[in-house]
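Participant: Each chain, letter by letter, is given below.
2 protein chains.
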Amino acid sequence: MTANPDRAGEAAPWTGADQLCETLLDHGVDTCFANPGTSEMHFVAALDRQPRMRCILGLFEGVVTGAADGYGRMLDRPAATLLHLGPGLANGLANLHNAKRAGTSIINVVGDHSTTHLPLDAPLTSDIDSLAAPMSNWMRRMTASDRVAADVADAWRASMTKGVATLVLPADVAWSATDPAPAMSILQAPAVSKADAGVAALVADAVAAGRQVGIVLSGKALRESHLAIAGRLMRRGIKVFAQGANGRIERGHGRFGIERLSFNGDIGRRQLAGIELLALVDAREPVTFFGYPGQSGRQVPDGCQVMTLATRDADLLAALEEFAERAGAPEVAPPFDRHVPDLPVDGALTVDAVNRILANLLPEQAIVCDEAITSVGFYDHSTYGAPHDYLQLTGGAIGIGIPMATGAAVACPDRKVVTLQADGSGMYTMQGLWTQAREALDVVTVVFANNSYAILHGEMRRMGIATPGENARRMLDLDKPEIGWTQLANSLGVEAERVTTSARFGDVLASALNRRGPFLIEAAVA
Amino acid sequence: MTANPDRAGEAAPWTGADQLCETLLDHGVDTCFANPGTSEMHFVAALDRQPRMRCILGLFEGVVTGAADGYGRMLDRPAATLLHLGPGLANGLANLHNAKRAGTSIINVVGDHSTTHLPLDAPLTSDIDSLAAPMSNWMRRMTASDRVAADVADAWRASMTKGVATLVLPADVAWSATDPAPAMSILQAPAVSKADAGVAALVADAVAAGRQVGIVLSGKALRESHLAIAGRLMRRGIKVFAQGANGRIERGHGRFGIERLSFNGDIGRRQLAGIELLALVDAREPVTFFGYPGQSGRQVPDGCQVMTLATRDADLLAALEEFAERAGAPEVAPPFDRHVPDLPVDGALTVDAVNRILANLLPEQAIVCDEAITSVGFYDHSTYGAPHDYLQLTGGAIGIGIPMATGAAVACPDRKVVTLQADGSGMYTMQGLWTQAREALDVVTVVFANNSYAILHGEMRRMGIATPGENARRMLDLDKPEIGWTQLANSLGVEAERVTTSARFGDVLASALNRRGPFLIEAAVA
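Protein sequence lines correspond, in order, to chains A and B.
One rule links them: number in this note's numbering = place in the first sequence (from 1) + 24.
One rule links them: number in this note's numbering = place in the second sequence (from 1) + 24.
Next up, chain A with everything else stripped away, as it sits in the complex:
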């Protein structure tokens, strides 16, 4: 009666929830980050009958979705989530926003009331479709248990080509009996779109004509093999940039250390100055992060043409290779030498010292999750560090660092994960430390404890307000009381130490990198 010989609880009838679990597994989706509620208990029961699915609890939904983002960024295939009705989804939306901006594959399963219960407007009823739409690349409300297999297959394809695929699962679709669908073999990755050959020809012609051409890469175009081509394009005189925020960059010595565009209006415009034609590879046109009075948010020079060479669902490596050939780029990129950044002399710990020491000590194949928006300094040093993956805040929705690291560590159990975490944003989803402890994940979290929303103090200065008053300070400072990050980590099962000097930071970091399991360093930066 069941499609899967591993399934426990054979006596139970096969339900839509069993089929959901099974079709996920058929597509290689074997990890489910979850925070379930009553309306999802039949899915929980189905997961319980299927030990091949690894279920990982987050104590808050922002942890669940952020972990799914980190997982998908590392493996280029989706984990599932399990969220409880509209409010559970709402709690996970901020990190789904980041995932959508990163283009991360996620199958986002949201339980809903049963079809007959929904019109009764019970207390937990809300318009899930309206909530999910802004943060989903694809969405479907499931309607019948015998359509579940097809729905999941469609969601998987959508997640692979578009990003966040949301499936709304009414409780009765989960609990209704159905015949098991025929077992599927793991599908091939969906057919991809083509790069735009016309654009490639136009851009190559511009290069040949001596016009200043630029190219902006994001998404999978920031992997080592793609970056090697980018290095060749730079040798051909093309200005090459990474988008300001990206899901994952393969970085470190031996790889082309790509320059990242700044979201700052002046800096970004300086980077792009002189470019007459800008080609986008799974990237958006560069704009400032925020708008300011009397300033344009656009960063490309006046008159610069902006063209899309390839989108997320194209074969970006082939697109870049073909374009490099057309543009007459040299066959090989130059070698990129290793250069170890100067280490700080001992003294009070600074953000710069943390960045330099970490770049120096970073283990081979580490994964760096950067939500230290206070500092953009690590990126400058990391091109000289050991080869690693660099994951950053893509959508500006703070609270991604700890959850993303959690998911990346689940995805890559043999690699060290290091989180660079601002304190203000760390407070959003610190519940993720508990999941790191429970799953014994190999994550070192460095919290930059400056006790303020430092970025907002910068914005006040930008507005010409040198000395904020009482009300502004009460909204921008995290002191009074200061947050005790080591106690906080301990309370969630994670060992921790507070450090105040560069020397001690180096020692504690080295020790944390040389052990397994989660550890938190409260970096009391000056």
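Treat the hints loosely; a few may be bogus.
[Claimed, not checked] Partial chain B-side listing against chain A, Cβ under 10 angstroms, derived:
hint	residue
1	Pro75
2	Leu155
3	Gly327
4	Glu483
5	Arg486
6	Arg498
7	Lys504
8	Asn514
[Stated by the list, open to error] Where chain A lies over chain B, by a calculated footprint (3+ residues, C-beta under 8 angstroms):
hint	region
9	114 to 124
10	143 to 149
11	303 to 314
12	414 to 428
13	443 to 452
14	455 to 463
[Stated by the list, open to error] Derived Cβ-Cβ restraints for the label pairs, each shown as a range:
hint	chain 1	residue 1	chain 2	residue 2	range
15	A	Asp178	B	Ala464	52 to 58 angstroms
16	A	Glu388	B	Gly318	56 to 62 angstroms
17	B	Thr525	A	Asp370	47 to 53 angstroms
18	B	Ser217	A	Gln329	55 to 61 angstroms
19	A	Thr167	B	Asp178	36 to 42 angstroms
20	B	Ala342	A	Thr140	35 to 41 angstroms
21	A	Thr167	B	Gln319	18 to 24 angstroms
22	B	Val330	A	Pro37	31 to 37 angstroms
23	B	Arg76	A	Glu388	19 to 25 angstroms
24	B	Arg294	A	Ala207	44 to 50 angstroms
25	A	Ile210	B	Gln319	37 to 43 angstroms
Simulated from the structure, these hints should not be mistaken for laboratory data.
A quick note: this is a predicted structure, and the numbers were derived from the prediction, not measured.
Ideal Cβ placement from N, Cα and C applies to all residues, glycine included.
We have chain A; now place chain B onto it with these hints.
Facilitator: The following block gives chain B in isolation, referenced to the frame of chain A:
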């Protein structure tokens, strides 16, 4: 040039943000729970120029909106919020859902990109209107700085008559200069709708005809004066109930101890058995919380007529008084005697012991915020306790307890607030403890530390699964590691103690009630 002589920073031009702040103050809205970002910095600057506005930072938006809910429930008038773009709103939606279900007045201010920046699709861009609609009773996107005063006045009226009023504030509306609007005096509460006299007559006729009539009260109909009428109606043979979940009930000895409907299908149907006509006073028709296979979610008996006597925006006291007269209820309610519940003998701490001891020790005019959904026991004892206000989880979106207590304590600084907090839901928004510490709020938080989503274990048993397997346990249990609530509280600046026996709980609670400021008791319940 400015409408307010108290305003600091006279040199700055008067902006839409200044007008927003000023018109809020004109309507008595002098408290703003906030977590701002760059797009709201002009509003922050305006608040900074206006010391009459009290700005209270939450380290996560669920704290901000939950605090605004607690504040509005206590004062029957709105606080403002300040949320950062779509993701900031998203983080606050779960507790806005609870506020909407409670009918709480809130002016929910959500910043958005400037009108010119929005089409550039910068990283933090999202469809705020789609996100806000499901959890708002009223919504408006502001469009011009010279319309801000009118927008705020409309939002205030909407908050008073409907509940959650969301104002989306584009950055350019905030920063654009405008002429100060004429100063408003604090407006009268909006004109209210009438109770339905036709329904009142029908229901009274049914009483006279000897039919079994029931009445369900919620909202402001659960205040002492309204409850006194409810007691008279009960004497007339009418079955009187409170809705299953309510924003605030005035409770304790000397007050009519109203029976609350259960969301459980069997219990609720038993409570409503025999009722032929059910009248609703700012209440919804009783339904079960969730739907279950093969069961109806409706709780009223077959053939029972359900009629709405009065809605939220009516004068509920007048409606009840008039109905009581029509129905021939006696002039006075009987006295309600005080009865002290038996205290537990010493031994391992239980939920029941906590409930009894708290009902016994509760100070006069305490405010009890109950998110201990593990236990419904406190309500049974509390009718005998000192007069107090009882606030509960109204929308089922967990994570309201600590934030709601925070807002209630801001609203009522001279009253003791006690939070009954389940551990699983407490983990959602424990950042609120930090705000309690910063504002020195007089809140005692009792965390029921049972290390599980106990309610979901109950749902598993209900499904016939006596012994959950590995996957289910991994999603329903909070052990491995256990959460160290005292360390967690300490890390956020709140003193705490863990207790394991009834005797010690009584001592620690008495001591916590007799001091001022926040304190947390980790009640390790058996």
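Participant: Quick check: which numbered hints come out false for this structure?
Facilitator: Those not satisfied are hints 3 and 23.
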